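Use these hints to put chain X onto chain A, whose structure you have.
2 protein chains.
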Amino acid sequence: MDYPELKTSLTERIPQVEGLRCVLCGVLYSLDEAKYVCPSCGPVGTLDVVLNPNVLWPTRVDPMRRALVWEEERFMPIARDLPKPNETIALRVGDTPYYHWSETKNPFLRSHPFAVKDDSKNPTASFKDRASAMVVHHALTIGASVVATASTGNAAAALAGISAAMPQIQAVIFVPATAPQAKIAQLLVYGAKVILVDGTYDEAFDICWEACEEFGWYNRSTGINPFTSEGKKTIAWEISFSGYEMPDVVCVPVGDGSIIGSTYKGFADLKKLGWIDQIPRLIGVQASGSSALVHAWENNLDPREMQPRPAQTIADSISASLPRDRAKALRAVRETNGAIIRVTDSEILDAIPALAQATGVFAEPAGASAFAGWLVGLEKGYIHEKERVLILNTGSGLKDINSAMKSVHGVGVLRPVKPEMDEIRKAVAKFEW
Amino acid sequence: MDYPELKTSLTERIPQVEGLRCVLCGVLYSLDEAKYVCPSCGPVGTLDVVLNPNVLWPTRVDPMRRALVWEEERFMPIARDLPKPNETIALRVGDTPYYHWSETKNPFLRSHPFAVKDDSKNPTASFKDRASAMVVHHALTIGASVVATASTGNAAAALAGISAAMPQIQAVIFVPATAPQAKIAQLLVYGAKVILVDGTYDEAFDICWEACEEFGWYNRSTGINPFTSEGKKTIAWEISFSGYEMPDVVCVPVGDGSIIGSTYKGFADLKKLGWIDQIPRLIGVQASGSSALVHAWENNLDPREMQPRPAQTIADSISASLPRDRAKALRAVRETNGAIIRVTDSEILDAIPALAQATGVFAEPAGASAFAGWLVGLEKGYIHEKERVLILNTGSGLKDINSAMKSVHGVGVLRPVKPEMDEIRKAVAKFEW
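Same order as they appear, the protein sequences are chains A and X. Residue 218 in the numbering used here sits at position 218 of the first sequence, with consecutive numbering throughout. Residue 1393 in the numbering used here sits at position 393 of the second sequence, with consecutive numbering throughout.
This is chain A alone, in the form it adopts within the complex (with noise of 0.2 Å):
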């Protein structure tokens, strides 16, 4: 593919987006003025990209066409001078399954029909893909070739496997020394140039962000690149012509709270175009080990007042202390009624293979933590017996076996027989069915 020369400037190139606003203090900025985060507020101050209905397009796709989400140009902020996304980044992202369960073993859960929104199914296997595709795009569109994020799960995955697919680019993981040897072998299998970082997770975040200013890379990192958002608010459009009823509440893991927010924000923005009528309400659900937006939640908090807090679940895709996306998180869930609610380490394990058993979607923990917050939301009256709801997996299971093996309590439990029918008439009589 060609692209052209980047003569003109981003708001003439897309013109469909007024401008990125501070989610704290309202203020637009052009997309020629800002990149990552309110000048003004900091950090704590994420930007949306804010679309201009009013912008008139040649062509327009139906939106019962659900895979075509890559190619709304109402809908998302592409720039009308590149091939779309559907074109640029090769791998199928997004398109993933919608389940509907009325009918499982389990006999609670049969009086308790549910839906679950498979995002282990995408090309690296989490929702994360789904960001990295929308980030990696515009890195095409304003001409940056090296794109870099500080991340030892699913998202440095994301941007490993979605720009190893592209030719144009090149993507630098910036990962703390301490991360599982596992996940950054995967990052090497893919092709990434790894930073191991001899420091902590912020240290990372802070060095890749210095780095990404001095080499002119473009930072994906979580929390501060407002296009993540609008790669990851097509979940809501998925959603939204899924073909099933639209659901009256998504239970959404959350750690940074990129993800609830990306999926309010997608949802606001269908309704801002006046593609739906209401908007589910989003129920966040964090471990109990790492839980400072419940507590902000719960003590109404303002984004910038929150402080860390210790972080430790196993649920390690969620383990956040003082979450990035806290604002644009606090948003979702307050302005669609919902609520953000804990789960123990013990719940989220017990979930894996209670949703395997129910549906055979395995999950990660963090994913399976959603479909455990459902569960606490019942008991707790968060969520009522009559709501529709949609589970939102956002990780494969196989991407954290060791967490699986604990979820069946080891290995350990199974005593090997001889192979003869007298001991196989022994074992069998002891199957609970």
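FYI, nobody ran anything at the bench for these hints, they're computed from the structure. Note that this is a predicted model, so its numbers are computed, not measured. Note that the Cβ used here is the ideal one computed from N, Cα and C, for glycine as well. Watch out, some of these pointers could steer you wrong.
[Said to hold, decoys possible] Covered by chain X, according to a simulated footprint, are these stretches of chain A (three or more residues, beta-carbon under 8 Å):
no., segment
1, 164-170
2, 211-218
3, 395-408
Just chain X now, kept in the frame of chain A:
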């Protein structure tokens, strides 16, 4: 769902199937006469489900609507008195991404366009879900509520996962006690009943079959159940109706030979129905440490003459000393003017990052072997430069992280750096972009 009483014969309920024909002696049995293998030839005499293209159906599915292969009664052996597999199997099986690559970071590959069918995006992250879906649906058809298999690998996970999604079906898996704990844990997460067999895989296979006979369970084990092929053959439909031109060559990983055998069966059925004109050449790829079918093909052996050979390879999904579907595998390459070629474990390991870095597709060793096989096939003249090649990735790299780590020579190659720009600059200066 309510299922009908099973009063009539399978022959009447699945009228589009003429019967089951032995691939060796050619005898045709009715669906009510035979179940697993040819009563006269024994286990090497695997059976084909023979379609009768003259049976008319009231409704017809447009073959271009690829996701609907599971509803196509003229192509699939589904009973007319049951809901279609798309209803009984709630999960999205098949409909996996088909990627066509002409631009990658790899200069060699830029001048050698190729396509990848990424079957790691199936529900349990492998191609085997196609087989399990059909078998489990057929279990409903024959009124079996337990489906069993002997396996440690993708087939076991596929049966466990697909059965989890079906309230009427329980999976029982016979696993050698020496299998990796992580793989067993996944089966337990899905709620399968696991019998740890203190013996070899062959002993587990035999005792599974015996248990199925005694308890009336339906046996899904590889190489004996003719309906596994019918599920797997859906890949041929998706390749034929992908929207891309038909490939000239399809490269398929080969262990027991079931996948390549079933891919051929799918193309042959499509040709019989008059829906395609020609069948791609099928190139089977075996690991050099497990290459019984390469030996048989090179020496033009009859499948009945083949003897067990030692099998040891890093690609555990394609390790087989006496491939159980040897008759169907040899037929596939002989009928299509294909080949079976060997690749070394080292070539397989190298292929994991090579494929991932060119496409973003992270394959397990067996899947990567198909890519390695294409490169070896080009070099050795089994595949011509001008032939349009499709690589079938059969499983996710997340299923075998240890091999992924080996493929990038460990993470130990990276030296941690302090979070200071001086250090970062030095690290960046060493990058080979």
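So, going through the hints one by one against the coordinates:
Interface restraint, the segment 164-170 of chain A with chain X: holds (4 residues with C-beta to C-beta distance below 8 Å; minimum three). Figure legend: the segment 211-218 of chain A, annotated as covered by chain X; annotation consistent (3 residues with Cβ-Cβ distances under 8 Å, at least 3 required). Counting residues of the segment 395-408 of chain A whose beta-carbon sits less than 8 Å from any beta-carbon of chain X gives 9, enough to reach three: the coverage restraint holds.
Every hint, counting from the list given before, is met by this structure.
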